[in-house]
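K.L.:
Each chain, letter by letter, is given below.
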Amino acid sequence: MSSFKEFKIKWGMAIDLDKCTGCGACMVACQAENNIAPQPDASNKLKSLNWLVVYELTNGKSFPEHEVAYLPRPCMQCGKPSCVSVCPVIATDKNEEGGIVSQVYPRCIGCRYCMASCPYHARYFNWFDPTWPEGMDKTLTPDVSVRPRGVVEKCSFCHHRFMQAKDKARVEGRDPNALNDGDYITSCTEACPNGAIVFGDVNNPAHKVHELVKSKYAFRLLERLGTDPQVYYLSRREWVRRLGDNYLENEKVKG
Amino acid sequence: MALDRRGFLKFIGGATAGILATPVVWKSLDDVSIWTQNWSWIPRNIDGANSYVPTVSKLCPSAVGVKVRLVDGRPVRVLTNNDHPLGGGLSSIAAAEVQLLYSPSRMKRPLKRTADGAYVGITWEEAEAMLVEGLKKAKGGDKLAVISGDETGTVNELFTALAAEMGSKSCFIMPGEAQPAAKAWELMGGEGQVGYDIEKSDYVLAIGANVLETWGPVIRNRHAFRVGRPHGEAPAVRFAYAGPVQNNTAATADVWLAIRPGTEAVLALGLANLLIKAGATSPAADFADFKALAAKFTPEQVAAQTGVDAKRLAAVAQELAKAKRPLVIAGSEFGQGGGAAPVLAGLALNALLGSMNREGGIRALPYARKVVPAAMDRKALLQNDLVAWLGKVASGKSAAPQAVVFYEANPVYALPQADAMKATLTKVPFKVAFTSFLDETAMACDLVLPVPMGLERFDDVDTPYGCGQVVYALAVPALAPLVDARPAGDVVIGVAKKLGADLGVATFADALKAKAEARGASFTEPSATNAHVSNAVLPVNGIALRADVLSKAIDVKAPAFPVALAPVAKLNVGTSKTATPPFNTKTVRRWEIQGKELYVLMNGATAAKLGLRMHDRIELSNPAGKFTARVNLFEGVINDTVAVPAGHGHTAFDEFSKGKGENVMRLLAAGAEPGTGLSVWTSAGANIAKA
Amino acid sequence: MDKNYDLPIDAALFPEGCTRCSLSKFLVWITIVMAVFGWGLYAAYRVLAEGLGVTGLDDYFGFGLWITFDLAVIALGAGAFFTGLLRYILNIDPLKNIINLTVIVGFLCYSGAMLVLVLDVGQPLRAWFGYWHANVHSMLTEVIFCITCYCLVLVIEYVPLILEQKQLNRNKLVHAIAHNFHLMMPLFAGIGAFLSTFHQGSLGGMYGVLFARPYIARDGFFIWPWTFFLYVLSAVGSGPVFTVLVCTIMEKMTGKQLVSWEIKSLMGKIAGTMLTVYMVFKLADTWAWANDILPRSGLTFDQVFYGWIYGKWLLWAELFACGVLPAILLIIPSTRNNRTLFYTAAILDCIGVTINRYVMTVQALAAPVMPFDTWETYAPNWAEWGASAMIMAYAALILSLSYRYLPVFPQEVKLNK
Amino acid sequence: MEDRQLNSSGCAKDGGKCCGGGITPFLVGLVVSLIFGWWVFPDMIYSKKEQPIRFSHKVHMESAGMECKQCHVLREDGTFAGLPSTASCADCHSDVLGSDPEEARFVNEYVKTGKEVKWLVYQIQPDNVFFSHAAHSLDGCNQCHDFKESELCAQCHPDVANSDSAPTHFENKLTGYSKQTMKMWQCERCHANENHYGVTNSSNACFVCHK
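Residue numbers (full-length UniProt numbering), protein chains in the order written: chain A, 1 to 255; chain B, 1 to 691; chain C, 1 to 417; chain D, 1 to 211.
Chain A extracted, bound-state conformation (with noise of 0.2 angstroms):
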């Protein structure tokens, strides 16, 4: 297995789980930003592609003690990415710094090799070529390709908003490494009207996120597989940090 770099800047993101009231604006703007086509019949989850998918969580237990929670998950853009050292074909790496795993469609093949290895499903294949009702086409933003059918594709923490914020910061003349918080945020990260998400560089002190993610309801999904994520949550119900991770019966979740 291959090494993994740090990086001096980290995105990342913290959802408050707490805040999320699960009204799929984040999926909606996603898909805007992203140029993600529409689909007639979006029933089948397992073909619908939307790199932002909220999840619903429950606790389990039956009316009235029932609670349910919803969890938005994008990439994790792991610190030790499962898919990137699996690709034959070097379309996916994680060796920028901001540590974004990317992923470059017109050199992706398709094998779905990466798919089989992520645990969250965050990657998502296309099956056919992406088609927009007539004229629709000309809301697609000019930031982000549009992917051709086989190729696969996930989310990347809106990369092209970053590229953006370092220009601007070029041409005003700030350091292009050193941007503030808030200088560049994803699209769902600012469409949610709750802030259940925050992001920023979690390495950077001057950032909120960096606080968030320390908090001691902080947690991240799959933890002890070691995929290292780059995406936190945060709830104060025990119970959804215990979905965050698998527990054997007796162990203790912690927070």
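Simulated from the structure, these hints should not be mistaken for lab results.
The model shown is predicted, which means the values in this text are computed figures rather than measured ones.
Even for Gly, the Cβ is constructed at its ideal location relative to N, Cα and C.
Keep in mind that a hint or two might mislead.
Stated by the list, open to error - Straight-line Cα separation of at most 16 angstroms, EDC-like style, residue types lysine to aspartate or glutamate; simulated pairs:
hint, chain 1, residue 1, chain 2, residue 2
1, A, Lys-45, C, Asp-373
2, A, Lys-216, B, Glu-233
3, A, Lys-138, B, Asp-289
4, D, Lys-173, B, Asp-31
5, A, Lys-47, C, Glu-376
6, A, Lys-8, A, Glu-97
7, D, Lys-148, D, Glu-50
8, A, Lys-214, B, Glu-233
9, D, Lys-118, B, Asp-47
10, B, Lys-277, B, Asp-289
11, B, Lys-311, A, Glu-65
12, B, Lys-324, B, Glu-199
13, A, Lys-45, B, Glu-597
14, B, Lys-112, B, Glu-126
15, A, Lys-45, C, Glu-376
16, A, Lys-168, D, Glu-76
17, B, Lys-277, B, Glu-319
18, D, Lys-112, D, Asp-95
19, B, Lys-112, B, Glu-125
20, A, Lys-138, B, Asp-47
21, B, Lys-690, B, Asp-616
22, B, Lys-27, D, Asp-43
To be verified - Ranges of calculated distance between the beta carbons of each label pair, as one might list FRET restraints:
hint, chain 1, residue 1, chain 2, residue 2, range
23, B, Gly-595, C, Ala-284, 44 to 52 angstroms
24, C, Leu-48, B, Val-25, 15 to 23 angstroms
25, A, Ala-206, D, Ser-150, 36 to 44 angstroms
26, C, Ile-32, B, Trp-41, 35 to 43 angstroms
27, B, Gly-595, C, Thr-374, 15 to 23 angstroms
28, C, Val-28, A, Tyr-55, 51 to 59 angstroms
29, B, Asp-142, A, Ser-62, 50 to 58 angstroms
30, C, Ile-32, B, Thr-16, 48 to 56 angstroms
31, A, Ser-62, C, Ile-32, 57 to 65 angstroms
32, B, Thr-16, D, Gln-125, 28 to 36 angstroms
Assemble the complex: chain A is given as a structure, and chains B, C and D must be docked to it using the hints.
P.N.:
Relative to chain A, chains B, C and D alone:
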């Protein structure tokens, strides 16, 4: 030399060796792979200069303040506008608004229905002539009805003024939360529009009102929620929710009080009972009556009627009593049909909590001055009950009008007993729809007139119901209409002129300018929001608690059906006006719609009682209608209740929503609320049979 | 040359001293095969023209029937390299009587797998990136290179057999080439054995390295997870008997004895021995997985099975009914030499390795890892069955032609006198 | 069939004698394909296009003393405007300034009608490529180099500063891209050059250039 076979083979061998030593194969391989990156049938990125237009969404019922990103004038995104008093995030429908400009079901030109029922495109000149002709026949004596789907816009003044000029007062807005609230507030003797200062409250109890999804200016509410709930910390503002289903609001609320559908007022009175016992009082003249009424609603009594857990109820009452700035918001879980009683009881609770006319409590907000002289003002318009009126027309108690004008309203889909409502409309000889989409109502009209979408027109949002402050927001066009559409306001002004009436404003833009002025707003300078906020409030004096009305209105009969129905409203499936936007099919939960089938939710105990299991196909029926659906077991539903996702089952629109699921409105029958006469349809029930 | 008009009209092309059915009968058979092939071709066309959405694959099951099929045929095709290794390197001479068939079966399995892969990758026109932009860290890269090279080796091994065709072989040059090829065969057998071992292993390694998928993740030795070695062993433990089964089916269809029982029994003994070794390791692996890897991931043994479709019966069937049982049957001489038991064991052996490849592919992807995720099921649709059937038809076609015109079975003349 | 088979194998007995030519056919094949591959094929795959207006960069640079960035503007938000619009050309060319008939044609056909010129771009990259002109600045490169503005531009673009007419545009018939569209390895001349790291913040990470 004749080339024999061996020679030929050698030639081929040489050629092959040669070709391999040239770029032919390698360049072709490379070009082919480049070709696969640029297939001509895949849309291209189009670069350009970015610009941003701040506006407010007229499409989303939450009236969210947004900004539109354009690239060389081409709209590409609706973005969050954090500076906007109604902004601070996006709703799942506003996020799709730019894409909806190109919705397949969008109206592209005026249409008229021919004798054989088909629609044909006509010019605007023909359309306006037809409209004038049709309206001429509806002159005098309430022969014209206007039904508007816009609760906050000045455009209503033009429509109602036109109606007034035609001698009609039959003007209605589509049912929502504002109407029952206006009624309740009026009964209590309140002035202006009732407002809820969520931003400054430290304890919000929502009874029925789905405050984080469908009640009031949702994005503004949610922004307050965001501010009051810092990440990973103990919340500075507690939220409690009472309703039959663990909906989006309940999912994040600190407390969920499960109550049967339609029992919101009973729950409020139960809380009043506990609060009064704990010493709460009110200066209201009829407090003694109210106290006597509340005394009847002991925790046991409330538990029996609402199904609420007495301990949880007591806990909430305590929390309310302890809170510094508690606020109670009562409404309907699916945003309509709740009647005045819940709001009345909820406001009475606020009075007991000392929340009247207080920061973080109830505010009385002044209505804006009319800018079209002949128009009905908002207060008057809110007094007209569309469902009741249609009921009278259906039963022949009122004469059917000669003409109906629909403005961005889809009553054929969205009213209770949708099938019966549709039948009632067939009594009207001339029906006109001003709409952006070819919806169910448009499909029932003789003339369909395309209006520009919210992003393509000037329009306004004046203090949506629920706002704690006066907010006036201007919608400005981010682009010229993509289709042959005309702003309804201007069409109305023109048509009125042709009918010999002067509405007093030359253009719709003039009306908006006047309205902004009336609100004290000035939009001469370019601003980041095009919105105006005012802290103006009206005094709240001599509020009565109206135990007399409540005692009658609260007389809710438990449905005589095996299960109660609890419709669940969510914005992601769009509105009756828009149906499900193309991007939003992916946000519909897996066990909500599968293919064309709707899933309804019930808890395990209810299912066991009915002998049902996950995925079973059932028929829901009651005298209003019936349909089949499948069972989704979800423990966040109160016993003996079936939660039905609303907003599905469209029979018009496009492949993204047409024919998917069922329309819950078909199962809801409206009744009259005793004491207020308001139409209510929150207490429905159904029979369940395996299908 | 006198012509015997009782013979089929293409009799001159038959292997020396062999009889074959009439050409018309043969053509009827070929027509049936081509009909199946045509169905698969249509499926392939739809997949290439419209995208993989026409298959039953989805975002949970990026790998499905095709990968299972590929892995299974590549394992079963291992008879070629292992028999070659034994025949040419270890000089087990009797194996010369079946070596030709093992080469053809191997060639068919590998070329068939590569054909399916053309459909299975989303962008076949860029598939060459696998060589040009190879990621040396990926097990799949190792697979791509080794399979391609080994497929070339199999072509090289197959070519002399074609050149030995009676009429072709009359040409001196062809004869000389064929002869020289034969002399070089030990070299190719060696290269083949090396390549094949590696990619069989890499195929297993491909799964073992998926460290975030506890169902298939395996710790390992140096850079290879255990599955690397398990795949090699299971392939050599089943490949030889698969060749025997193919041979036996051909015997049934042609009504001739093509390979003597001794040879088959020898192949069975070889496979049985390897299978026994494999089962020892496989049982140890399963034990370690259930008692170490799963609990380390927070999972229990029960949690990685689901309902009937992904039930424990698959594991028990793979381990005992199709693992331990055939190993015993094949390794004990008395049961091995009972034909019924021998064939039963051979079939069970092949089923066992197929189940293994299936669960490693499909169940591994079905098993949810996130606690709130759900078990999903996968069923291949017509397009995947069609394309797989196309490969079967392709194999049947090549085998039929080879049998009819090439001297595949050295014992055929003697055994059918 | 059989006879033919026998004949051909009979022929083989004589080896090269009857089926002559020795190595000649091989060489002929080799030469033909080499000529085709090196001279005919490269020409065949492109269609040639000329710019709609003959534009002289030289006149603008030398006579008018302009710089590249005056027309090829970097916008405030860091995005690059690319080619100037007709409106921005009309800032100077509202009327015909010189005697060049092409200028007159430009003014008459485009400025007066407000039509945009469909310039052909030599360097346009596929959608999947992200290129930031802001990042490739003179300040950045001239920390070590000593480029003039036009020299920096010419690192990637055809050097048109001194030419009176724009070069012919070769469009690949299959991919639709210009022959001069830079390939990844050309970007990597700088991006994979380790001497640049730490000085220019350049990186060879995939996502730096792909979107």
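K.L.:
Each hint: holds or not?
P.N.:
These are the hints, each one checked on the structure:
1. A:Lys-45 x C:Asp-373: holds, 12 angstroms
2. A:Lys-216 x B:Glu-233: holds, 10 angstroms
3. A:Lys-138 x B:Asp-289: Violated. Lys-138 of chain A to Asp-289 of chain B sits at ~63 angstroms, over the 16 angstroms cutoff.
4. D:Lys-173 x B:Asp-31: holds, 10 angstroms
5. A:Lys-47 x C:Glu-376: holds, 12 angstroms
6. A:Lys-8 x A:Glu-97: holds, 7 angstroms
7. D:Lys-148 x D:Glu-50: Roughly 28 angstroms between the alpha carbons, so the hint for Lys-148 of chain D and Glu-50 of chain D is violated.
8. A:Lys-214 x B:Glu-233: It holds: about 12 angstroms lies between the C-alpha atoms, which stays within 16 angstroms.
9. D:Lys-118 x B:Asp-47: holds, 15 angstroms
10. B:Lys-277 x B:Asp-289: holds, 15 angstroms
11. B:Lys-311 x A:Glu-65: holds, 13 angstroms
12. B:Lys-324 x B:Glu-199: It holds: about 14 angstroms lies between the C-alpha atoms, which stays within 16 angstroms.
13. A:Lys-45 x B:Glu-597: holds, 15 angstroms
14. B:Lys-112 x B:Glu-126: Roughly 9 angstroms between the alpha carbons, so the hint for Lys-112 of chain B and Glu-126 of chain B holds.
15. A:Lys-45 x C:Glu-376: holds, 11 angstroms
16. A:Lys-168 x D:Glu-76: holds, 7 angstroms
17. B:Lys-277 x B:Glu-319: Between Lys-277 of chain B and Glu-319 of chain B the Cα gap is close to 14 angstroms, so the pair holds against 16 angstroms.
18. D:Lys-112 x D:Asp-95: This hinted pair holds, its Cα atoms lying about 9 angstroms apart.
19. B:Lys-112 x B:Glu-125: Answer holds: Lys-112 of chain B to Glu-125 of chain B is near 12 angstroms, not above 16 angstroms.
20. A:Lys-138 x B:Asp-47: holds, 11 angstroms
21. B:Lys-690 x B:Asp-616: Holds - the C-alpha atoms of Asp-616 of chain B and Lys-690 of chain B are around 7 angstroms apart, at most 16 angstroms.
22. B:Lys-27 x D:Asp-43: holds, 12 angstroms
23. B:Gly-595 x C:Ala-284: 44 to 52 angstroms: holds, 47 angstroms
24. C:Leu-48 x B:Val-25: 15 to 23 angstroms: holds, 21 angstroms
25. A:Ala-206 x D:Ser-150: 36 to 44 angstroms: holds, 40 angstroms
26. C:Ile-32 x B:Trp-41: 35 to 43 angstroms: Cβ of Ile-32 of chain C to Cβ of Trp-41 of chain B: about 38 angstroms, so the range 35 to 43 angstroms holds.
27. B:Gly-595 x C:Thr-374: 15 to 23 angstroms: holds, 18 angstroms
28. C:Val-28 x A:Tyr-55: 51 to 59 angstroms: This hint holds: roughly 57 angstroms between Cβ atoms.
29. B:Asp-142 x A:Ser-62: 50 to 58 angstroms: The hint (50 to 58 angstroms, Cβ to Cβ) holds, given that Asp-142 of chain B and Ser-62 of chain A are roughly 54 angstroms apart.
30. C:Ile-32 x B:Thr-16: 48 to 56 angstroms: For Thr-16 of chain B against Ile-32 of chain C, whose Cβ atoms are near 37 angstroms apart, the range 48 to 56 angstroms is violated.
31. A:Ser-62 x C:Ile-32: 57 to 65 angstroms: Holds - the Cβ-Cβ distance for Ser-62 of chain A and Ile-32 of chain C, about 59 angstroms, lies within 57 to 65 angstroms.
32. B:Thr-16 x D:Gln-125: 28 to 36 angstroms: Between Thr-16 of chain B and Gln-125 of chain D, where Cβ atoms are some 35 angstroms apart, the hint holds.
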